[in-house]
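Protein chains: 2
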Amino acid sequence: MKPSQIIMAHGSGGLLSQRLIEEYFVRAFAEGEGLWELNDGAVLDLPPGKAVISTDSFVISPLFFPGGDIGKLAVSGTVNDLVACGARPLYLSTAFILEEGFSLDSLGEIVKSMARTAQQAGVKLVTGDTKVVERGSADQVFINTTGIGVIPPGIDYRPGRIKPGDRILVSGTMGDHGLTILAQREGLRFRTPVVSDCAPLHEIGKALQPFGEQIHCMRDPTRGGLATVLNELAAQSRLGMYIDEQKIPVLDAVRGACEMLGMDPLYMANEGKMVIICAPQVSQQVLEVLHKLPVGQNAADIGKVVSQPQGMVLIKTALGTERILAALEGEHVPRIC
Amino acid sequence: MKPSQIIMAHGSGGLLSQRLIEEYFVRAFAEGEGLWELNDGAVLDLPPGKAVISTDSFVISPLFFPGGDIGKLAVSGTVNDLVACGARPLYLSTAFILEEGFSLDSLGEIVKSMARTAQQAGVKLVTGDTKVVERGSADQVFINTTGIGVIPPGIDYRPGRIKPGDRILVSGTMGDHGLTILAQREGLRFRTPVVSDCAPLHEIGKALQPFGEQIHCMRDPTRGGLATVLNELAAQSRLGMYIDEQKIPVLDAVRGACEMLGMDPLYMANEGKMVIICAPQVSQQVLEVLHKLPVGQNAADIGKVVSQPQGMVLIKTALGTERILAALEGEHVPRIC
Chain A
495 MKPSQIIMAH GSGGLLSQRL IEEYFVRAFA EGEGLWELND GAVLDLPPGK AVISTDSFVI
555 SPLFFPGGDI GKLAVSGTVN DLVACGARPL YLSTAFILEE GFSLDSLGEI VKSMARTAQQ
615 AGVKLVTGDT KVVERGSADQ VFINTTGIGV IPPGIDYRPG RIKPGDRILV SGTMGDHGLT
675 ILAQREGLRF RTPVVSDCAP LHEIGKALQP FGEQIHCMRD PTRGGLATVL NELAAQSRLG
735 MYIDEQKIPV LDAVRGACEM LGMDPLYMAN EGKMVIICAP QVSQQVLEVL HKLPVGQNAA
795 DIGKVVSQPQ GMVLIKTALG TERILAALEG EHVPRIC
Chain B
495 MKPSQIIMAH GSGGLLSQRL IEEYFVRAFA EGEGLWELND GAVLDLPPGK AVISTDSFVI
555 SPLFFPGGDI GKLAVSGTVN DLVACGARPL YLSTAFILEE GFSLDSLGEI VKSMARTAQQ
615 AGVKLVTGDT KVVERGSADQ VFINTTGIGV IPPGIDYRPG RIKPGDRILV SGTMGDHGLT
675 ILAQREGLRF RTPVVSDCAP LHEIGKALQP FGEQIHCMRD PTRGGLATVL NELAAQSRLG
735 MYIDEQKIPV LDAVRGACEM LGMDPLYMAN EGKMVIICAP QVSQQVLEVL HKLPVGQNAA
795 DIGKVVSQPQ GMVLIKTALG TERILAALEG EHVPRIC
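As given, the protein sequences belong to chains A and B, one line each in that order.
495 is the number of the first residue of the first sequence in the working numbering; add one for each residue after it.
495 is the number of the first residue of the second sequence in the working numbering; add one for each residue after it.
Next up, chain A with everything else stripped away, as it sits in the complex (with noise of 0.2 angstroms):
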């Protein structure tokens, strides 16, 4: 009899484990592709440029969400890692560490889920793990993702390259991600309904391209938000960052929602947007290239860089005042990736 959720014995090693393996794994992964050949590596066919790594765990809760689920979310997060380090994305591993106890249906659900953001970022799933944990010792499921990308001749996206005078681009809405894992943790129902955003960014690093080294620096604002990513570009660029509340856009219903929970949308994490930072000349054409993707239809300049105060955020509120925006300190919205 096949098992309907996941025992000791799919940790083994042993025959079980391999089932898990082709049944789920292979399966959804590689089908005529040839991959997974290897028992414990894949062989990369990689293009000339720079090779990049990039690795994350997500340990989401829930699992499953409006707009997505951990198995988008793992696969769009290393893949806009990448991105945000100017490599197209090219290849992931996928290491599952999975409680006893954990639905074999979800599993299938999740690893579907997985090939399909795949698919669409154009990456390959090449190789995997999977341990199995007693009851207790993990909550359901942790996925880790890790990924390789090659960075074409041309472009160079890093904090060391930011200047005074750059504009700060955002390709979308701020906190959809964040809020959306916090209502439907809370329970809360809102009239408009919120969505992650949680996405693959690979159009983006395609579209922007053809830009050069014009774009100095990106990077995805997840944990933390907007305002602890901006803080930490300040900080390693050692320039300061001049951004404009009103420009910033965020949806009416996540606005409404954070007032009401006392939440800053700047602080809420961001699963499918990038900061984007270029230099003056051709950041309107930019914004251009972005409101042509389905994922930054709602881009927007948000400010600029300036040379002083070094390694801070500036922000012009609403009322016209100016105020320092501090990084996240202490605890904001747990197991949010």
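Take the hints with a grain of salt, since some may be wrong.
As the list claims (entries may be wrong) - Calculated lysine-lysine pairs in the BS3-like style (CA-CA distance at most 30 angstroms, straight line):
#1 B/Lys544 to A/Lys618
#2 A/Lys544 to B/Lys786
#3 A/Lys700 to B/Lys544
#4 A/Lys544 to B/Lys618
#5 A/Lys618 to A/Lys606
#6 B/Lys798 to A/Lys618
As the list claims (entries may be wrong) - Taking beta-carbon pairs under 7 angstroms as the criterion, some of the chain B residues facing chain A (in silico):
#7 Asp550
#8 Asp623
#9 Val627
#10 Thr686
#11 Gly824
I should point out that these hints are in silico values taken from the structure, not numbers from a laboratory.
Beta carbons are placed, not taken as given, at the ideal position from N, Cα and C, and that holds for glycine.
Please arrange chain B on chain A, whose structure you already have, making use of the hints.
Leaving out everything else, chain B in the frame of chain A:
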């Protein structure tokens, strides 16, 4: 005041996350290396050859055991998977899932152990990730490592290259790791203490490189032990494996303890051993090379590849009879790696 334990805010993506990364990971992994420059990725400098990726999550319990700890294991395990692919291990990413309340002192020890093992194996830990889950949602710490290596020209290790007449070698004694963990967990004590063989096997990879294509396949017999690996290789090569029980090196202490516990060392996990399948003309030389390495002193020729029975492993017992050695079914020792 600095916390002595992991708190939820260490996973927020905010200031406390940054401090954790800087104080524990960057300091141990990248001192003076100039790595960890990109926030969410690292650029890799890859020599010519075929790039290989391998991933593993480690959930071993207990975290510290005679002969190693989860950190040493997490580096060794992925290094050994790359070596088994014929690759020279070069880079590792590492991702931590930490349970709220986990001791920062223990984390520090684990991270130092990883750094030490990586240095020994000549691999660089170049990028990472940290997530925190609530008390009770994980068991202390889980670590993923994903490795990148490059297969030098002339090396091609895979089951498809195994031929009838090939010799089957093991690089040392079988079952040390599995028995050590089991004994530690059950509080068993033996007259001769047993110690895990946990070690990176980069030296084996390097030493066997000059044999080029005469080495047909390599695999590390971890979960499921030698019996399971030989069954996998038999199935994948569509050949048979014929081994001689009396030639398989097993430490007296391990054999005795296994007998007492009703366990078979051939199903026990190893974390510092390799199964090597090579052309018969070079097997004696390969053994000589292995014997010169500290990790290969007890290497032995344990049998040969046969054309029949396909997909099966036969073992000649100490009594001179023959029996089928099946792959591991069901569960053996949970959370062994």
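We went through each hint and held it up to the structure:
no.: 1; hint: B/Lys544 to A/Lys618; result: holds (17 angstroms)
no.: 2; hint: A/Lys544 to B/Lys786; result: violated (38 angstroms)
no.: 3; hint: A/Lys700 to B/Lys544; result: holds (26 angstroms)
no.: 4; hint: A/Lys544 to B/Lys618; result: holds (17 angstroms)
no.: 5; hint: A/Lys618 to A/Lys606; result: holds (13 angstroms)
no.: 6; hint: B/Lys798 to A/Lys618; result: violated (37 angstroms)
no.: 7; hint: Asp550; result: holds (5 angstroms)
no.: 8; hint: Asp623; result: holds (5 angstroms)
no.: 9; hint: Val627; result: holds (5 angstroms)
no.: 10; hint: Thr686; result: violated (27 angstroms)
no.: 11; hint: Gly824; result: holds (5 angstroms)
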